[in-house]
Amino acid sequence: MNMKKLSVIFASAAFVLGVSPLCATSPEPAPVPWLSYNYGVWDTSIPAQPAYEVRGYVTGDDLGAGALKSPRDLCTDSDGNIYVLDSGNRRVLEMSPDLELVREVDFYGNPVSLSDPRGMYVDSDGQIYVADRGARQVFIFAADGKYLRSIVKPVTDLIDEKTEFLPDKVLVDHLGVVYVISFGCYEGAYTFDENGDFLGFFGSNKVSVTQRLLSDRIWRKFATKEQRERMYRYVPIEYVNFAIDRDGFIYTVSNYGDNEQKGQVRKLNPLSQNILFYGKKPELAFFGDPETTYTNRVEKSTLVAVDVDKDNFISVLDFERGRVFQYDQSCNLLTIFGGTGTQEGSFRNAADIVSSAGNLYVLDNVRGSVTSFQPTRFGKALREATVLYEEGYFEDALDPWFEALRLDRNNYLVLRGIGRAYERLRRYDLAMDYYRQAEYHGAYSDAFHEYRTAALRKYFPLVMMVLVLVVAAIFVVPLLRKKYGKKKEIRHVYTISRSYYPFYLMLHPFKGWEEFKRDKKGSVLFANIILAAWLVAEILSYQLTGFVFNRNRLDNMNIFILIASTWGAALLWSVANWGLCTLQDGKGTFREIWISFAYTRLTYVVTVIPVIILSNVMTADESFFLSVIMNVISIYGILQLVLATKSAHQYTMKKTVVSMLLTLLGIALIVIIGMLFVSLFAQLWSFVSTVAQEIMMRM
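Going by this note's numbering, the letters in the sequence shown line up with residues 1 to 699, in that order.
It cannot be assumed that every hint is accurate.
[Said to hold, decoys possible] Each computed DSS-like pair below joins lysine-lysine, with the alpha-carbon atoms no more than 25 Å apart:
| hint | residue 1 | residue 2 |
| --- | --- | --- |
| 1 | K587 | K517 |
| 2 | K380 | K310 |
| 3 | K280 | K262 |
| 4 | K655 | K587 |
| 5 | K655 | K517 |
| 6 | K511 | K654 |
| 7 | K267 | K280 |
| 8 | K300 | K267 |
| 9 | K587 | K511 |
| 10 | K517 | K654 |
| 11 | K654 | K587 |
| 12 | K511 | K655 |
| 13 | K310 | K267 |
| 14 | K520 | K587 |
| 15 | K281 | K262 |
| 16 | K267 | K281 |
| 17 | K146 | K69 |
| 18 | K262 | K300 |
| 19 | K520 | K655 |
FYI, nobody ran anything at the bench for these hints, they're computed from the structure. Every value quoted in this text rests on a predicted model; they were computed, and no experiment measured them.
Produce the entire structure from the sequences given, and follow the hints as far as they go.
Encoded structure:
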C-alpha cells in the first residue's frame, strides 16, 4: 500500500471520527424567520437553537370577524381561550387556543360606551374588565357583554385632587381584588375590592440612586427657589404592564429611561416586596438585550408586556425589536425569539403577550394580528428539564438536559442545568466538569468544596503523614545543619555573586539596596531575565489560576497586552523616572533605573507559582487568604521600588516619594501624548486613504 492510499484512509478516518460526531451533536437550527441567538457566559450574543417556532397566524379577516383596528391587549380565561381587545372597533374577540373564533362580544346597547379602551381582563366567573383611559374608569361587564358596574377615581386623602385617573391595564386576583395601572401614576397600582371600594396602592417602584440624582441633590442645596422648581424631579418609575401567576403573585414590568438599570420585571408578594432575584447572592436581574447595537443605530429594549405561564416561565415582550425573552424563576435567560418585519413570526408593532396550553401568543397592533408560537424539540427539552429540576426530580431531569445539550452545544444554561442536577445527586466530579464548561464559578466552588471534603476524608491519613514530614523537614533539618554542618558566614555584601544578588535584595531589602549603587552589582542581563520571567509569570497566572478565581477568557488572551503591562511598564517607568529625576539632581542612570525596577519584580515572579497552586485547591469562601497573600506581595513590591529609587538617585525618603509621584504623573502624560499621536496618525491615514480613493475613482 503506497503512501497516497494510506493518507486517504487516515483522512477518511479523521473525518468520520472527528467531524461526524460534531454533526450529530450539533444539528442545523430549525428554520425560523428571525435571527436565533442567545447570550453566552461573557454576555455576548451567540447563535442558538430556536426554542419556539410559529404555530399559527391569524387576522380579524381570517377569523371572519372583520379587520382588527388598533388592538391593544390580550388575556386568557380559565379554559385557556384567548381574548383580544379590539380597541378601534370597541369589541372583544374570543378565540380558542387553535386561533379559531369562538365568539364576538360587543358592548352596544349598554348605558355606557367605550371611549379609549387600553386593557382587559377576564376573571374566573367570565366577567370582563375593561380599562378605559378615555372614559377615566374601569368598566365591568358580564360574560355576554352586559354592563354591570364601573370603577372610578377614588375620593381619598391619598390621592391629590389634580391627579387624573387614566386606567391602562387591569387584572383581578383569586380574592376578587382589582388592580389597575393608571397612566402617569407612580405610586403603584390602584387596588379595589370586589365592590369597587379603594384599598390603597400596591407595589410602588423606588427611586434608583444614580450619579445624576446625587449630583442634583448637591446642586439643589445651592440653587435658588426658582432654579429648584425648574430642576428635574425624581419620582418612581410607573408600571407599563403587569400579569398574575397561578399562585397569585403579580409580575410588573417597567421601563427605565436609560434601560441600563436592573429589575425592570418584578415579582411582588402581598407586602409589595420584590422576590424575583438572580444568582446565589440575590440581586436584581436585567431583562431584555444586554447588547444595544444590532443595526446602524443604537437600539434599547423597550419592554411593554410580561406573561407567566402555568409552569412559571416568564416571557417579556420587547416593543423596540419585537422580540420575546423567556426566563425561568431564577431569572436565567432561556431563549429569545421573534423580530421586526412582515414575515410570520415577526411584528410591526408588538403590543402584548399571553400564554395558553403551553403556547405563546403575541399581538401585533399595526397588522391587527395574533401569532401563535409553540416550543420546538429543543424548547420542549429545555422546559421539561427545568420543570423537573425545580420539582426535585434531579435524576429524571438529566435525560431532557442531555437532549437539549445534543441539540445546542453552545447553550451554557443547559450545561449549568446538568451540573446542578449532578451536584444534587452528589456526583461532584461530574458537576465540576459541566460547571467548568459553563463558566459557572460560584457553583463550581461549592461542588469543589464537597469534592475536596470527600477526598480529604478518604486520604486523611496520607495527608497527615505528608504534613508531618513537611513540618519535620522545616524544623528538624535546620537544627541538624546547625549542629553538624559546616559554618559559613557572609561577612560582606560584595562577596555575593551578581546572579544571587537579586535574591539577596529580595531577602535583605534595606541593607541590599543601600549597597546596590555603591557596589555596582546590577546586571542588565539578569534584569532582562527577570523581566522575561515576569512576562512568563503573567501568562501562567492568566492561564493556570484556579477556575474559581480565574475570570479571564482563556481563548482570548492577548500577548501584546501582557507584554505592554510588563516590559511596557518597565520602559515607561524607566523613561519617566530618568527624565524627571535628571531635572531634580538625581544620580541614577537609565541603566540603574532599568535594573532596579526589574529587580523589584523578582518577589512576584518567585511567589506566583505557589499562589497559582493555592488558587487551584481553594474555594471562593477562602479567597480572603489569597487576597492577603497578593496584598502583602504588592505592598512589599512597592517598598522595594521605594528603596530602589532612593538608592539609585541618592535621595532622602521624602524626596524619593515626591519623585515617584511625579514619575506616575509623567507616565500618565506619556500615555496621553501617545494616544493623541496615534489618534492623529489614524486620522491622517484615513484622510490620505480617502484622497487616494477619490483620485483613483476620478482617473
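The hints, checked one at a time:
Using a Cα cut-off of 25 Å, the hinted pair K587 and K517 holds, with the two alpha carbons roughly 10 Å apart. Between the alpha carbons of K380 and K310 the distance comes to roughly 14 Å, so the proposed pair stays at or under 25 Å and holds. A C-alpha spacing of about 16 Å is found between K280 and K262, which places the hinted pair at or below 25 Å, so the restraint holds. Distance check on the hinted pair: K655 and K587 sit about 13 Å apart at the alpha-carbon level, within 25 Å; holds.
About 18 Å separates the Cα atoms of K655 and K517, which keeps this hinted pair within 25 Å; it holds. Distance check on the hinted pair: K511 and K654 sit about 19 Å apart at the alpha-carbon level, within 25 Å; holds. Restraint check for K267 and K280: the C-alpha separation of about 18 Å stays at or below 25 Å, so the hint holds. Restraint check: the Cα-Cα separation between K300 and K267 comes to about 23 Å, which is no more than 25 Å; the hinted pair holds.
The suggested pairing of K587 with K511 holds, with an alpha-carbon distance near 19 Å, which does not exceed 25 Å. A C-alpha spacing of about 19 Å is found between K517 and K654, which places the hinted pair at or below 25 Å, so the restraint holds. Proposed proximity of K654 and K587 is supported: the alpha carbons are some 16 Å apart, at most 25 Å. Restraint check: the Cα-Cα separation between K511 and K655 comes to about 20 Å, which is no more than 25 Å; the hinted pair holds.
At most 25 Å may separate the alpha-carbon atoms for a hinted pair to count; K310 and K267 meet this at roughly 15 Å. At roughly 13 Å between alpha-carbon atoms, K520 and K587 fall within 25 Å of each other, so this suggested pair holds. At roughly 15 Å between alpha-carbon atoms, K281 and K262 fall within 25 Å of each other, so this suggested pair holds. Only pairs whose Cα atoms come within 25 Å are accepted, and K267 paired with K281 is accepted, the gap being roughly 17 Å.
Restraint check for K146 and K69: satisfied, since their Cα atoms lie roughly 22 Å apart, inside the 25 Å limit. This hinted pair checks out: K262 and K300 have alpha carbons roughly 14 Å apart, not beyond 25 Å. Using a Cα cut-off of 25 Å, the hinted pair K520 and K655 holds, with the two alpha carbons roughly 23 Å apart.
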